[in-house]
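Student: Using numbering that gives the first Met the number 0, read the sequence shown as starting at 0 and increasing by one per residue.
Treat the hints loosely; a few may be bogus.
Unchecked claim - Dumping the calculated DSBU-like pairs for lysine-lysine here, alpha-carbon to alpha-carbon at most 35 Å: (1) Lys222 / Lys197; (2) Lys356 / Lys34; (3) Lys204 / Lys177; (4) Lys356 / Lys222; (5) Lys34 / Lys54; (6) Lys324 / Lys197; (7) Lys34 / Lys204; (8) Lys222 / Lys34; (9) Lys356 / Lys324; (10) Lys197 / Lys34; (11) Lys54 / Lys222; (12) Lys356 / Lys54; (13) Lys222 / Lys204; (14) Lys324 / Lys204; (15) Lys324 / Lys222; (16) Lys177 / Lys324; (17) Lys197 / Lys356; (18) Lys54 / Lys204; (19) Lys197 / Lys54; (20) Lys197 / Lys177.
In short, the hints are calculated from the structure, not lab data.
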Amino acid sequence: MRTQWFRGLGVSLGLVAGLVLAQARGDDLVERGAKLFAGATFRGNGRTCQTCHTKDTGALSIQQVSLLPSHDVLFQHDAADVMGGNTFNRVRENATFLVEIGLPQNVSISGSASRVAVFPRGVPTVYNSSALDPVLMYDGRAPNLPLQALDAWLGHSQITRMPTDDDLNAVAAWEQSKITVPALRRFIETGVAPELPKGRTAAEKRGRLFFTDDNPVNGNPIKGRCVHCHSGPMLNATSPGANAIFGIPVGTRFFSAFVSEFQLGGGTPQTFEFRAADGTVTNVTSTDPGRALITGNPVDANAFKIPTVWNARQTAPYFHNNGAKNLDELLNHYQQYFNFVESVVGIPGFGMSDQDKADIRAYLELL
Numbered sequence: 000m001r002t003q004w005f006r007g008l009g010v011s012l013g014l015v016a017g018l019v020l021a022q023a024r025g026d027d028l029v030e031r032g033a034k035l036f037a038g039a040t041f042r043g044n045g046r047t048c049q050t051c052h053t054k055d056t057g058a059l060s061i062q063q064v065s066l067l068p069s070h071d072v073l074f075q076h077d078a079a080d081v082m083g084g085n086t087f088n089r090v091r092e093n094a095t096f097l098v099e100i101g102l103p104q105n106v107s108i109s110g111s112a113s114r115v116a117v118f119p120r121g122v123p124t125v126y127n128s129s130a131l132d133p134v135l136m137y138d139g140r141a142p143n144l145p146l147q148a149l150d151a152w153l154g155h156s157q158i159t160r161m162p163t164d165d166d167l168n169a170v171a172a173w174e175q176s177k178i179t180v181p182a183l184r185r186f187i188e189t190g191v192a193p194e195l196p197k198g199r200t201a202a203e204k205r206g207r208l209f210f211t212d213d214n215p216v217n218g219n220p221i222k223g224r225c226v227h228c229h230s231g232p233m234l235n236a237t238s239p240g241a242n243a244i245f246g247i248p249v250g251t252r253f254f255s256a257f258v259s260e261f262q263l264g265g266g267t268p269q270t271f272e273f274r275a276a277d278g279t280v281t282n283v284t285s286t287d288p289g290r291a292l293i294t295g296n297p298v299d300a301n302a303f304k305i306p307t308v309w310n311a312r313q314t315a316p317y318f319h320n321n322g323a324k325n326l327d328e329l330l331n332h333y334q335q336y337f338n339f340v341e342s343v344v345g346i347p348g349f350g351m352s353d354q355d356k357a358d359i360r361a362y363l364e365l366l
């Protein structure tokens, strides 16, 4: 059975075609991008892209941070417990960095004159998704890969010499070349959506059903859960089942998995005031409102980019703030969330048992 796809297919195929064209331009651009990614500092604080997007996974794990000497260039600036400080407990414990988000014109922080909000965020992997996903960053604030690279160099590396457009395009080309999942490589080469593993053991097969079954679109009882947000070739968009249950438009790329609502990973809640054109104010109290601080719309509060789960077993920790350090913590959170949806929201049969949790963990190991 092929993974379902829907609105957004044209975008994905366009990205595939773009990557093929980039590859046709030769390996020189990619090779140059690799060198810049690994070594370019542009007279900044000494960090390169690879300081945080490590060679092994394209991301940064807590274990990787634990192996670094205290004098490593990672330990400065936004890795500090307070921006520019000299203690680094947070990055050692959670592998998160402080990210400054400028507030939209219609948004303010209650009791503060600051026009910037600061949040701890993890390092998303640049592998497998850069070539096939137009949505960049956890809150979607970067419009394209070259500008995302520039933002990272300016913010995290504090560069004093500007990269050229050719530099930015080369780094983007290198990121697009980093495909480590064979199924996604075939997708790029053929345009045919990858098939999900069928599973061999009973647990893997049950996990597959929990992952892929998109009812109640066929009028049958709900069996699947993950598919509602992890559908399409990249397993990163909402499905028809999600539309049927929650009224979410098919192909939506941002959703709240209640990480901020449940305060997973801690954090201090702040109240954000969203002022509508008619003067109406909506208050949102959250540890990190996510997408809402990009759109200025309180409806988007606590929503974050839906990531791909291809190769998820190797990209811990999880969520925008690294609130789940491993797959077990990830699934513990989803058990709490699904049980909340069943008992509080009132959707019968939506809970997640311990057996479900073990089964989906077995299946995630196959992706």
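Student: List, from low to high, the hint numbers that the structure doesn't satisfy.
Tutor: 2, 7, 8, 10, 11
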